[in-house]
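Those protein sequences? They're chains A and B, same order as listed.
With numbering that gives the first Met the number 0, you'll find the first sequence wraps up at 172, consecutive numbering, no jumps.
With numbering that gives the first Met the number 0, you'll find the second sequence wraps up at 172, consecutive numbering, no jumps.
Fair warning: there could be bad hints in the mix.
As the list makes no split between identical chains, a pair holds if one copy fits it or if it spans any two.
Here are the computed lysine-lysine pairs in the BS3-like style, where the Cα-Cα straight-line distance is at most 30 Å [unchecked claim]: (1) Lys-161 x Lys-99; (2) Lys-125 x Lys-75; (3) Lys-151 x Lys-99; (4) Lys-149 x Lys-126.
Just so you know, these hints were derived from the structure itself, not from any lab.
In this text, all values refer to a predicted model and were calculated from it rather than measured experimentally.
There are 2 protein chains.
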Amino acid sequence: MKRFAFLLVVVGTLAGVVASLALASGHAAAPIFGGTLPPGYRDWKLISVAHEEGNLNDIRAILGNDVAIKAYREGKLPFPEGTVIARIAWDYVPSEENNKVFGRAQSFVPGPAPDWYLQFMVKDSKKYAATGGWGYAQFNKDGKPADEAKLKTCFPCHEPIKARDFVFTRYAP
Amino acid sequence: MKRFAFLLVVVGTLAGVVASLALASGHAAAPIFGGTLPPGYRDWKLISVAHEEGNLNDIRAILGNDVAIKAYREGKLPFPEGTVIARIAWDYVPSEENNKVFGRAQSFVPGPAPDWYLQFMVKDSKKYAATGGWGYAQFNKDGKPADEAKLKTCFPCHEPIKARDFVFTRYAP
Chain A
0 MKRFAFLLVV VGTLAGVVAS LALASGHAAA PIFGGTLPPG YRDWKLISVA
50 HEEGNLNDIR AILGNDVAIK AYREGKLPFP EGTVIARIAW DYVPSEENNK
100 VFGRAQSFVP GPAPDWYLQF MVKDSKKYAA TGGWGYAQFN KDGKPADEAK
150 LKTCFPCHEP IKARDFVFTR YAP
Chain B
0 MKRFAFLLVV VGTLAGVVAS LALASGHAAA PIFGGTLPPG YRDWKLISVA
50 HEEGNLNDIR AILGNDVAIK AYREGKLPFP EGTVIARIAW DYVPSEENNK
100 VFGRAQSFVP GPAPDWYLQF MVKDSKKYAA TGGWGYAQFN KDGKPADEAK
150 LKTCFPCHEP IKARDFVFTR YAP
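Same shape as in the complex, but just chain A:
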């Protein structure tokens, strides 16, 4: 067991070094996660939920990797390196089947995926120093990443919430 665990650590560390070298030599604006979805994000723990009205008109869940959840629960700010926050949004639609049972229009649930289906914030203070230490990514329902022009609109919107390390979502207990 111990030898196996040690091997894992060594391999993990080497992989990290290789990845860091690759990142350091790459262009600063390279897409986070190499333009693919971070594996397993749909299994992450829940941070909170929200409804956005207006043009977005979506209902959303905010999930976090283990680093994110630990920091949230301990109230730790700024978020540690390696924090990843995932935001899943669905069109905000009435549930006809629920409302039929309740006898009134009361229940709103997730519908189809909008263009801004998946968004991620990744904490890497060095790599993303120009945007408050966070990298931003967006994917549509087909896993296609948003283009660079789109992603440039992320940080200006998050900038006013600098006092909470640029993160809007609070933890819902």
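Mind docking chain B on chain A? Use the hints.
Frame of chain A, contents of chain B only:
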């Protein structure tokens, strides 16, 4: 590794048998989970989210234990024995801090916990045969379980959705 995994399976199975015996010998109307919160539910994976208008006026997350998540992802109905579905509800409140950034009232987030903060459905076809094979539980923010009269209102409301094994929530991908 293998021996350790085997031991875990054996211990897990024995624990299950002991728990089943304890349940079988208990009174049918005994509160599920023995009137206490199921440990670790806040770490469970996300099934979906919803907003209920009207008297409830809450925003909610629906989580599932591993049995529930597997069944949902495989589209399996009825839900297998041991399925537990958790519903966390928070008062539906506007986020002043988010809205200040957006320049308009657009963002709604979880507020304080209402009386119906936590609800659970537990699948045990024998124990809860009288209520479609599901036991129901509710807890307030202090972990206090709802009284029996309150819990008797659960099943009549879920009964119309029998075709989906009495479960309203669909999985949000």
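Taking the hints in turn, this is what the structure says about them:
For the homomeric pair Lys-161 and Lys-99, the shortest alpha-carbon distance between copies (14 Å) is at most 30 Å, but the shortest distance inside one copy (44 Å) is not. When the C-alpha separation of Lys-125 and Lys-75 is checked against a cutoff of 30 Å, the pair qualifies only within one copy, where the shortest distance is 19 Å, while the shortest distance between copies is 46 Å. Proximity of Lys-151 and Lys-99 under a CA criterion of 30 Å is satisfied inter-copy only: 21 Å between copies versus 43 Å inside one chain copy. Taking the closest pair of Cα atoms, Lys-149 and Lys-126 come within 30 Å of each other only inside a single copy of the chain (19 Å); across copies the shortest separation is 54 Å, beyond that limit.
Hint violations for this structure: none, all hints satisfied.
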